[in-house]
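Student: Sequence:
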Amino acid sequence: MWKTTGKVLLATVLFLVLNLVVSGGVGFVAAVMDAARSGGNVSPESITELLQSNPWLRTASFALSAASGVAAAAILYYAMERERTWTLGWRQRDWLPKLLLGLALGALLIVLAFLIAWIAGGIVIVDAALTSDVAVALLFDVVLFASVAVGEEVFSRGYVYGVVRRSGGVAAAALVSSALFALFHMNNPAVLSNAFPMLNLVLAGVMLALLREWSGGLWAPIGAHMTWNFVQGDVLGMAVSGVETPSILRVESLNDFVSGGAFGLEGSFAVTLATAGASLWLALAIRRRGSSPAAAPY
Numbered sequence: 001m002w003k004t005t006g007k008v009l010l011a012t013v014l015f016l017v018l019n020l021v022v023s024g025g026v027g028f029v030a031a032v033m034d035a036a037r038s039g040g041n042v043s044p045e046s047i048t049e050l051l052q053s054n055p056w057l058r059t060a061s062f063a064l065s066a067a068s069g070v071a072a073a074a075i076l077y078y079a080m081e082r083e084r085t086w087t088l089g090w091r092q093r094d095w096l097p098k099l100l101l102g103l104a105l106g107a108l109l110i111v112l113a114f115l116i117a118w119i120a121g122g123i124v125i126v127d128a129a130l131t132s133d134v135a136v137a138l139l140f141d142v143v144l145f146a147s148v149a150v151g152e153e154v155f156s157r158g159y160v161y162g163v164v165r166r167s168g169g170v171a172a173a174a175l176v177s178s179a180l181f182a183l184f185h186m187n188n189p190a191v192l193s194n195a196f197p198m199l200n201l202v203l204a205g206v207m208l209a210l211l212r213e214w215s216g217g218l219w220a221p222i223g224a225h226m227t228w229n230f231v232q233g234d235v236l237g238m239a240v241s242g243v244e245t246p247s248i249l250r251v252e253s254l255n256d257f258v259s260g261g262a263f264g265l266e267g268s269f270a271v272t273l274a275t276a277g278a279s280l281w282l283a284l285a286i287r288r289r290g291s292s293p294a295a296a297p298y
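Numbering (the numbering used here), first residue to last: 1 to 298.
What the hints contain is simulated information worked out from the structure, not anything from laboratory work.
Keep in mind that the hints are not guaranteed to be accurate.
[As the list claims (entries may be wrong)] In silico SDA-like links for lysine to any residue, alpha-carbon gap of 25 Å or less: (1) Lys3 to Tyr78; (2) Lys3 to Leu175; (3) Lys7 to Glu81; (4) Lys3 to Ala182; (5) Lys7 to Ala74; (6) Lys3 to Val13; (7) Lys7 to Asn187; (8) Lys3 to Leu76; (9) Lys3 to Ala171; (10) Lys7 to Val170; (11) Lys7 to Ser23; (12) Lys7 to Ala171; (13) Lys3 to Ala79; (14) Lys3 to Trp95; (15) Lys7 to Phe184; (16) Lys7 to Ala120; (17) Lys7 to Leu18; (18) Lys7 to Ala71; (19) Lys3 to Gly168; (20) Lys7 to Thr85; (21) Lys3 to Leu18; (22) Lys3 to Ser167; (23) Lys3 to Trp86; (24) Lys7 to Ala79; (25) Lys7 to Val21; (26) Lys3 to Ser23.
[What the hints assert, rightly or not] Ranges between beta-carbon positions, derived for each pair: (27) Leu20 to Glu244: 20 to 26 Å; (28) Phe257 to Val21: 37 to 43 Å; (29) Val13 to Ser53: 28 to 34 Å; (30) Leu139 to Asp94: 26 to 32 Å; (31) Ala135 to Ser193: 27 to 33 Å; (32) Leu20 to Gly277: 25 to 31 Å; (33) Lys3 to Val126: 49 to 55 Å; (34) Glu83 to Gly121: 51 to 57 Å; (35) Val142 to Gln52: 16 to 22 Å; (36) Pro97 to Gly277: 20 to 26 Å; (37) Thr85 to Ser53: 44 to 50 Å; (38) Trp281 to Leu115: 14 to 20 Å.
In this text, a Cβ means the ideal position worked out from N, Cα and C, and glycines have one as well.
With these hints in hand, go ahead and build the complete structure from the sequences.
Tutor: Here's what the structure looks like:
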């Protein structure tokens with residue numbers, strides 16, 4: 001187990017270093033060029049402001065961060081798993097049906113959580129409009145959230161889940177990969193505003209890990225992760241893990257316990273119900289089946 005722990009720690013360090021150099025480097029270079037043009041100063045605040053205000057840079061930064069996760073997973077898998085008795089999960093013969101299933105599941109679950117919060121009186125819909133500016137932002141965010149889903153799933157549910165599962169089993173793999181997934185969001189706005197954000201990030205990770213196990217690969221989790229974020233932010237008007245996005249709906253929070261407040265739905269009990277329910281169903285489905293396609297090489 002110590003060998004597995006070392007691999008997980010090494011993967012985490014490699015991902016963080018690659019992310020800092022590649023994604024952070026893009027923001028720094030862009031900020032230096034902007035400061036040279038405008039005569040301003042370069043600071044962490046100016047880099048953040050520039051990334052938030054420029055959709056091209058913002059999307060590129062997230063895409064490169066995702067690429068860092070994929071690179072870290074691929075490097076360690078092909079360098080250290082010489083026997084390769086387990087798979088990262090991206091090579092599936094039926095990848096398209098699994099992807100479509102995941103896309104539908106992610107959208108369904110986040111809409112369900114939204115309806116729970118709305119019926120419980122935690123949010124009110126103020127307005128709905130699809131302007132040209134919002135439409136353009138939606139196109140950027142499709143690319144952004146697709147990149148995020150691929151990067152985080154290949155790293156968390158691909159490498160980390162796979163390497164822990166090989167020596168510790170499904171339960172340990174789901175918990176370790178989900179805890180690490182939650183810790184990667186520690187810098188997000190309002191993540192420590194109450195207990196729900198971290199709890200729900202872990203539960204979402206468990207749900208995605210079980211979906212990976214049940215479906216036998218990464219395409220269903222990638223699809224679910226992508227639409228979960230996109231529909232939550234760009235359609236329903238809720239913050240995505242504390243990050244605001246342009247949206248079709250405009251909503252107002254009336255009760256942070258129900259709505260999630262500044263962190264968005266992932267900070268609410270509604271998401272706790274949705275992710276816990278989905279995780280329970282998947283766990284029972286895996287147990288009834290009695291076999292794991294995730295254990296087989298593809």
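Student: Are the hints correct? Go through all of them and say.
Tutor: Checked hints:
no.	hint	in the structure
1	Lys3 to Tyr78	holds, 16 Å
2	Lys3 to Leu175	holds, 18 Å
3	Lys7 to Glu81	holds, 10 Å
4	Lys3 to Ala182	holds, 23 Å
5	Lys7 to Ala74	holds, 13 Å
6	Lys3 to Val13	holds, 15 Å
7	Lys7 to Asn187	holds, 24 Å
8	Lys3 to Leu76	holds, 13 Å
9	Lys3 to Ala171	holds, 18 Å
10	Lys7 to Val170	holds, 17 Å
11	Lys7 to Ser23	holds, 23 Å
12	Lys7 to Ala171	holds, 18 Å
13	Lys3 to Ala79	holds, 15 Å
14	Lys3 to Trp95	violated, 31 Å
15	Lys7 to Phe184	holds, 17 Å
16	Lys7 to Ala120	violated, 44 Å
17	Lys7 to Leu18	holds, 16 Å
18	Lys7 to Ala71	holds, 15 Å
19	Lys3 to Gly168	holds, 12 Å
20	Lys7 to Thr85	holds, 16 Å
21	Lys3 to Leu18	holds, 22 Å
22	Lys3 to Ser167	holds, 10 Å
23	Lys3 to Trp86	holds, 16 Å
24	Lys7 to Ala79	holds, 11 Å
25	Lys7 to Val21	holds, 21 Å
26	Lys3 to Ser23	violated, 29 Å
27	Leu20 to Glu244: 20 to 26 Å	holds, 24 Å
28	Phe257 to Val21: 37 to 43 Å	holds, 40 Å
29	Val13 to Ser53: 28 to 34 Å	holds, 31 Å
30	Leu139 to Asp94: 26 to 32 Å	holds, 28 Å
31	Ala135 to Ser193: 27 to 33 Å	holds, 31 Å
32	Leu20 to Gly277: 25 to 31 Å	violated, 37 Å
33	Lys3 to Val126: 49 to 55 Å	holds, 54 Å
34	Glu83 to Gly121: 51 to 57 Å	holds, 55 Å
35	Val142 to Gln52: 16 to 22 Å	holds, 18 Å
36	Pro97 to Gly277: 20 to 26 Å	holds, 23 Å
37	Thr85 to Ser53: 44 to 50 Å	holds, 48 Å
38	Trp281 to Leu115: 14 to 20 Å	holds, 18 Å
In this structure, the hints that do not hold are numbers 14, 16, 26, 32, in rising order.
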